[in-house]
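Protein chains in written order, with this note's numbering: chain A, 1 to 186; chain B, 1 to 298.
Just so you know, the hints here were simulated from the structure itself, not pulled from any lab data.
In this text, all values refer to a predicted model and were calculated from it rather than measured experimentally.
Check the hints yourself; a few may be wrong.
[Unchecked claim] Computed, partial: chain B to chain A, Cβ under 8 angstroms: (1) 72; (2) 75; (3) 78; (4) 107; (5) 108; (6) 111; (7) 119; (8) 127; (9) 128; (10) 131.
Yeah, the Cβ is synthetic: ideal placement off N, Cα and C, and Gly gets one too.
Next come the chains, spelled out residue by residue.
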Amino acid sequence: MELAELLKRCRQGDELAWEALVRQYQSRVYGLAFHFMRNPEEARDAAQEIFVKLYRGLGSFNETEAFLPWMLRLGRNVCLDLLRRRKARPPAEDLSLDRDDGLELADEAAGPERAAEASSSRRLIHRALGRMSDTHREMIVLKEIEGLKLEEIASMLGLPVGTVKSRSNRARLELARAVRALRTSP
Amino acid sequence: MTCDRFEALLEEMTEGRLPADLARLAEEHAAGCAACRDLAALALAAEPIDPGATLAADVLARTSGPACEAACDRLGDLVDGLLAGRDRELVELHLRGCPECDSIRASMLWLSTRLAPMAEISPDARFLGDVLNATSARRAEGAGRLRLWWARLAQRPRFALEAAYVAALVVWLLTGTPASPLRGMPRQALELARVNPIELLEDSVQPAALGRQVWSATGSRVVRRADEASERAAGRLAPVAGRTGLLGLHAKQMVGALLSGNLSEGAARLEEVSADVKGIWNELTGTAAPIDPNAQQT
């Protein structure tokens, strides 16, 4: 079903349509929350909160606007609000790297070797993200992971496009250096 | 050929890349120009020798400074394929001579295919159920459930039409069928609407006139009875008035005797006060015969 039709049915109170929408975007929303909160439990709570706000805000969603940036903007605001309320943040190195660390991607159709390599890469990137500043990590999440355009990020953050571009470049460099350091460390 | 033109072709000439016609012109010029001929000899004699890997870095350190920052600023565009032409050549030239920056480029390339798939991370199996529980109207409790149901109903596009149809049906069922409980109400309402308001007002005056008639018949009797009761009360209180006068006198004498220290006199007056109180009580309750109020005054 097309997204426009799905959203229309959701606004009419169609519970099946709402369930379909949740199923379609739950991995995306949880992924966004996980990259911001950096903790599986808190990411789960944040993701649920995002969906609740999304459910309540469907009536005010402008159909001429793209849904994904709107949802990501809402999700980002929820995560930032929860982060502000959080009193202590565990250091990135203390995050569990077991299979239960919440980093199981949605698409695990590859073979076992590729899946293991992908899993190892994800954990490495996750640790590297933990070493970054909040501003640069957010830029990586929004642009490199979520795939938003510079103009969309600029609108979301209230910054000029040029500032977003330079900040994005610096963020990529910082991440690349962090990844390199982790890959070469024993 | 001029000397400027000869110097411009010097590098190609020493590398043997000059076309035949230009090479002939250059040789003819060198044959007639000592300065250019010496310059050509010098260029042919200076074979390139590798200065080592650090010479360029040392030179840059003493001049413009390392170019790493400028190169890294362009690495993102290089990795994304957005860098072209001379900019691309310059960045790649730097990377060939800078292992540090080249390793950063390699990390960027490694990341470029691995970040986008991290956008979707599967939550646990209970997540969907929890979200639906938090948002579904079916699981809302009590007033919240009703509120949600009503909100959904009111948002239906034909809600007004449906509500009017239902209301009309209800009214007909209540008043329009032979078995309707309020079958006569429409007729009564119509009759009420037809009543003259002036006639209604005149009819409402009748109770006031009736009230006046009742009062004229009974009011005088009420007043007469009240007067009689007042007279009886006054007659009853008249003998008591004498006793209260005596009571006041005896009480005053008693207080005076006690204040002057005459206890025997005070005791005698106390007995008189007590007798006066008893007499008043008996008079009010009708248990004693009236006495002459002037008999015992002293």
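Results of checking the hints against the structure:
1. 72: holds (6 angstroms)
2. 75: holds (7 angstroms)
3. 78: violated (11 angstroms)
4. 107: Since chain A brings a Cβ to about 4 angstroms from residue 107 (chain B), closer than 8 angstroms, the hint holds.
5. 108: holds (5 angstroms)
6. 111: Residue 111 (chain B) check passes; min Cβ-Cβ to chain A is 6 angstroms, inside 8 angstroms.
7. 119: Constraint on residue 119 (chain B) satisfied, holds at 5 angstroms.
8. 127: Result: holds, 6 angstroms to nearest chain A Cβ.
9. 128: holds (6 angstroms)
10. 131: Result: holds, 5 angstroms to nearest chain A Cβ.
Violated hints amount to a single one, hint 3; each of the other numbered hints is respected by the structure.
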